[in-house]
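These protein sequence lines are chains A and B, in that order.
According to our numbering, the first sequence is numbered sequentially starting from 100.
According to our numbering, the second sequence is numbered sequentially starting from 15.
It cannot be assumed that every hint is accurate.
With a Cα cut of at most 30 Å, we get these calculated DSS-like pairs of lysine-lysine [unchecked claim]:
#1 B:Lys-125 / A:Lys-255
#2 B:Lys-33 / B:Lys-70
#3 B:Lys-151 / B:Lys-37
#4 B:Lys-70 / A:Lys-147
If you are wondering where the hints come from, they were derived from the structure by calculation, not from laboratory data.
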Amino acid sequence: MAEVRSVSVKDIEEAVYKLALEAAYHIPEDVLEAEKKAYEKEKSPVAKQVLETIFQNIEVSSKEEFPLCQDTGLAVIFLEVGQDVHFTDGYVVDAINKGVERAYKDGYLRKSTCHPLTRENYGNNLPTVVHTFVVPGNKVKIIFDAKGGGSESMSKVQMLKPADGRDGIIQTVVDWVIQAGPNPCPPVIVGVGIGGDFERAAVMAKHATLRHVGKPSDDPVLAEMEQEILEKVNNSGIGPAGLGGLTTCLGVHIEMEPCHIATLPLGINIACHVNRHKEIEL
Amino acid sequence: MAEYKLKTPLTDEDIIQLKAGDKVYLSGVLYTARDAAHMRMVKALDEGKELPFDIKGQVIYYVGPSPARPGKPIGSAGPTTSYRMNPFAPRLISLGQKGMIGKGKMSDEVKQACIKYKACYFVSIGGAAAVVGSAVKEAEIIAYPELGPEAVRRLVVEGMPLFVCYDAHGNDLYETAKKEWANKYSLG
C-alpha cells in the first residue's frame, strides 16, 4: 500500500488544460518519427508530396499555434487513478470538463460536440469522454486524446465467432481498414482490441492507438499479427491521403483480454496521421 | 498529370479539360457547407425558397474551420469527410454546382452527376489543415450562423492546392492510384 496522498482537482484541471492545447498544436514525436521513416521508404512521388505537406503542416501548427487539424476532436481521457489518491477541492470529472472547456475556448480550437438528434452544437466541446481505471499506488495518470470524427467514424466493434480465430481477426481488420480507404486520413494508426466483452474490445482498441507508434506488442503472437495486418494494409496501395503509395498505415497495435467461451469480440479504432495525444503523471 | 490554375466561377470548359489525378490551384470565391448546412439548403429548395448563394458555377468546400485567431480570416481549415454529403450533392450539381472539395470517397450517384452535368470532385489533404487553411484570404458567414463551425461561409481563396478526384469523364483517382500501388509494399 502506498501512503494516501491528496491531489487537488484544480491541478487536474490545469493539467488537462495544458494537455489539450499541446495535443492540438504539436504532433507526438513518435508519430512524426514514423512518418519520416515512411517517407524514406515511400516510392510514389505523389505520396512523397503528400507527406511533405503533412510535415509542413506540422511545422506551421507548432510555430503559429494553429491546430494541426480543424477538427480538434472530441476530448477523450484515459484516467488512471491510484487507489490511494484522495481528491480534494471538488469533483474530478467536473475539473476535467473545466480544463477542456477553457482550453478549447482559449486555444481557438473547434467545438464539435452536439445533440445527437437535433445536431445543435453545445459550443463548449463538452462533455469529455472519461474512461477511469483504478490502479495501485497514489499517482494519477491522465492520457488526453483529441479524437477527430473522420477517423472515429471508420471504427467498429464486431462480435466474431470463436471459430473465426486468428486468421478471421486479421481478415476482418484488413478488409475494414482497406474499405475505409482515404476516409480516415491515412497514413493511419490502427488500434485493435481482442476479447473482453462488447465494450471492452472498443476501449482496448482506442487505448491501443495511443501506444508508441510501431512498438510491437509484448506478446509475440500479437506482435506477429500486428506485422501481418500492417503489411497487408500497406499492400493495398491506398497511400497517404488515399492518393496511392506504400504508406497507408504507420502501425497496428493490438491489445487482448480473456473473453467468454461463446464470444470473440473485436474492436477496431482508427487514428489519423496526426494522432493527437499527450499524457502526464501527477 | 497536368497542373491548372483555375478561378471560380467554373465553366463547362474548365471542367472538361480536367482529368482525375491533375493538380489544380484554385482561386476566387468558395462557399463552405457541411451536413447540417446541406440539410437546410435542400429543405429550402423543397419549400421553393432560394439557396443562400447563387450556386451556378460555384464550388462548395466541405469544411468546418476552427475559430479564427484575432487578425486572421480563419483558423485551421482542412477538408472534412465527403460521403456525408452524398444525399445532397447530386441535386446541387444538377442546379449548376461545378465542384466539391473534401476528402474520402463519394457515391456512384455523385460520380454520375459529375459526368451528366460536367462537374468535378476535388480532394485535398485531410488533417493538413493549417497549411490548407492558409490559402484562405477572406471569410464571412453568410447563412445559418447558429450552426457555428457548420455555418455557410463565403471564402476568398488564392491558389488552393487540390487534386482532381472524380472528373467529368467517369475517372476516379482513388481507384486508379490504389490499383497502381497495390502489392508493391513488400518490394518497396
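Now the hints, each set against the structure:
{"no.": "1", "hint": "B:Lys-125 / A:Lys-255", "in the structure": "holds (27 Å)"}
{"no.": "2", "hint": "B:Lys-33 / B:Lys-70", "in the structure": "holds (21 Å)"}
{"no.": "3", "hint": "B:Lys-151 / B:Lys-37", "in the structure": "holds (21 Å)"}
{"no.": "4", "hint": "B:Lys-70 / A:Lys-147", "in the structure": "violated (36 Å)"}
The structure does not agree with numbered hint 4 stated previously, though it agrees with all others.
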